[in-house]
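Residue numbers (this note's numbering), protein chains in the order written: chain H, 1 to 212; chain Z, 1001 to 1307.
Source of the hints: derived by calculation from the structure; they are not laboratory data. All C-beta atoms in this analysis are idealised placements derived from N, C-alpha and C, irrespective of residue type, glycine included. Any given hint might turn out to be false.
[Unchecked claim] Straight-line Cα separation of at most 30 Å, DSSO-like style, residue types lysine-lysine; simulated pairs:
(1) Lys-1130/Z to Lys-23/H
(2) Lys-1150/Z to Lys-21/H
(3) Lys-45/H to Lys-69/H
(4) Lys-1247/Z to Lys-1284/Z
(5) Lys-1120/Z to Lys-23/H
(6) Lys-1193/Z to Lys-1247/Z
(7) Lys-1073/Z to Lys-1045/Z
(8) Lys-1196/Z to Lys-70/H
(9) Lys-21/H to Lys-1126/Z
(10) Lys-1196/Z to Lys-1294/Z
(11) Lys-74/H to Lys-23/H
(12) Lys-40/H to Lys-70/H
(13) Lys-1045/Z to Lys-189/H
(14) Lys-1045/Z to Lys-1027/Z
(15) Lys-74/H to Lys-21/H
(16) Lys-1142/Z to Lys-21/H
(17) Lys-23/H to Lys-1142/Z
(18) Lys-21/H to Lys-40/H
(19) Lys-21/H to Lys-1034/Z
(20) Lys-23/H to Lys-1140/Z
(21) Lys-1045/Z to Lys-1034/Z
(22) Lys-23/H to Lys-1126/Z
(23) Lys-21/H to Lys-1121/Z
(24) Lys-23/H to Lys-1247/Z
(25) Lys-41/H to Lys-69/H
(26) Lys-45/H to Lys-21/H
(27) Lys-69/H to Lys-1142/Z
(28) Lys-189/H to Lys-1247/Z
(29) Lys-1130/Z to Lys-21/H
(30) Lys-21/H to Lys-1120/Z
(31) Lys-23/H to Lys-1121/Z
(32) Lys-1294/Z to Lys-1193/Z
[To be verified] Part of the chain Z face toward chain H, derived, beta carbon under 10 Å:
(33) Lys-1142
(34) Asp-1146
(35) Val-1163
(36) Arg-1178
(37) Glu-1179
(38) Ser-1187
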Amino acid sequence: MHILLSDDHVLFRAGLIRILKEKFLNASFEEVSTCPELFKKIQEKEWDLLILDISMRGQNSLNLLPDIKKIRPKLPIIVLSMYEERPFVIRALREGALAYLTKERASDELFRAIDAVWSGRRYLPENIATQIADHLALKKPERPHETLSPREYEIFLLLSQAQSVSQIAEKLGLSPKTVSTHRIRILEKMGLRSNHELMHYAVTHSLSQPPL
Amino acid sequence: MLTLFTIISVLVAAELSLLRIIRNLSKTARQFGKGNFDIRVPVPKHHGELSELALEFNSMAEALLQRHNELLKAHDRLKTLSRHLQNAREEEARRIARELHDGIGQILTIIKIDLATLQKKCLTCKETSKASAIETEIIKIKESIDEAIKFVRRISSELRPAVLDRLGFPSALEWQTREFEIRTSISTQLEIKNIKESIDEDISTALFRVTQEALTNVIRHANASEVHISLICNENDFSLSIRDNGKGIANSPPYGINTSGIIGMEERVRLLNGQFSILGEHQKGTTIRIQIPKRKPHRSYDAYTTL
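Can you build the whole structure from these sequences, using the hints too?
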């Protein structure tokens, strides 16, 4: 079994190899500390695992990931970095890493991450997962037309197609007075003043289809 | 009769020439006042006090011009110094942030790995009661180390976020905006347009710091529920605007709030030959707009990415 460690911190690499050796008795380890070295090793032969630090001697190893994936599309990659910020995680996963672990979790979770990537699964520790969940859970503010009820939205669309109140009333089988009331309510809700503004709004938000 | 006429003519002529001299003088003074510091008044001959006055005017103009040039030079020196200080401070922040993160942070993680090894050794220890006591201690130490790492991360990120240096300004802006939103529950919209090239480092720093300051002001003073941020890359410049729907800043110094913060933002932008404006509308919100002309990146990022 060949494991490649890419990290510019000698002591960290040594510590990592110490714990990995206990578990993987027959594994062979090789170490690199710069991006060019890493790329050379990747070209040289097949690896069973790449453990990758992001910041290496001032360079960002994530920039190499597309090239690495091109040469070794099946190589399982675990990013092991001090960086905890979400953009690094997303970038790493997008570029093909299967797992992302912050370094202080290595001693407790690295084996779990390795198990996961070797069975083709992803692995994210709790601190990272929480961050991503926080991000996903952000509620986007509603746009004005999203505050309309389904009936109001229907009338909004017809108004935006320059149909008159009486035409709409006939089409929907409502009294012109009801449609007119709806129209006022729609304008109020959306903070618009006229049919003209409403049409303009519909055009700029490309609203011509009924909502899903 | 002729004599009388001659006398009158001479007097009128003398009067007219006096008038002309005075008019000249006042015209010159006006031009000078408008900023044409090179203008001098012609010194009339044989006019006693008026000649004196013109000479005095000219020497005053000379002295003022000299003072003006000295001021310009001093201003330039201050600007250079200010830029230098700004850069030095950023460089220092970046260095300390990196040392903390990559130095102390990594050493702490190594200690954790060593402790894990120690912990495993406990399992093979014969005196089980002692071993479990030691293991409890080890777990406690590991928790303290995690706290220390969190601390290091926070200080490092506050000094200068790695996202800005490693992934570039658009990513940093996206991250900054979402973190702000998560932290404050102020709904924040971000629009990034046309960013295709990597942004020069000094410009990135200025854009990032201005956004940071503006968002801090929103939290502290604006009482806003919404913020809209837009970053647009035009042909010749980058324009960034941060708009909130809060109570609106007063429109002239001292602005009612955080004057030094605003001057700081303005200064950063001016040092890059950019434009800065802040506009408050009472109970409607505050808008900060900046425009910074593009320049050839003299130090670019590893890469940038929009998320």
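> Holds or violated: is there a CB of chain H closer than 10 Å to the CB of Ser-1187/Z?
Replying inline: Interface hint status for Ser-1187/Z: holds (4 Å vs cutoff 10 Å).
> Taking 10 Å as the limit, does the beta-carbon of Glu-1179/Z come near enough to a beta-carbon in chain H?
Replying inline: Interface hint status for Glu-1179/Z: holds (8 Å vs cutoff 10 Å).
> Within 30 Å, alpha carbon to alpha carbon, are Lys-1294/Z and Lys-1193/Z?
Replying inline: Answer holds: Lys-1294/Z to Lys-1193/Z is near 15 Å, not above 30 Å.
>> Need the status of pair Lys-1120/Z, Lys-23/H: alpha-carbon distance at most 30 Å?
In response: holds, 12 Å
> Keeping to a limit of 30 Å between CA atoms, is the pair of Lys-1045/Z and Lys-1034/Z held or broken?
Replying inline: holds, 27 Å
>> Lys-23/H and Lys-1140/Z were given as a pair; does the straight-line alpha-carbon distance stay at or below 30 Å?
In response: Roughly 25 Å separates the two Cα atoms, so the pair holds.
> Does Lys-21/H lie within 30 Å of Lys-45/H when you go C-alpha to C-alpha?
Replying inline: holds, 21 Å
> Holds or violated: Lys-189/H with Lys-1247/Z, Cα cutoff 30 Å?
Replying inline: Holds. Lys-189/H to Lys-1247/Z sits at ~23 Å (cutoff 30 Å).
> Given the hint that Lys-21/H pairs with Lys-1126/Z, does the C-alpha gap stay at or below 30 Å?
Replying inline: holds, 24 Å
> Holds or violated: is the Cβ of Val-1163/Z closer than 10 Å to a Cβ in chain H?
Replying inline: holds, 5 Å
>> Please check whether Arg-1178/Z passes as an interface residue: C-beta within 10 Å of a C-beta belonging to chain H.
In response: holds, 6 Å
> Is the Cα-Cα distance between Lys-1196/Z and Lys-1294/Z 30 Å or less?
Replying inline: holds, 13 Å
Hint check: violations occur at hints 7, 13, 19, 24 and 27; the rest are consistent with the structure.
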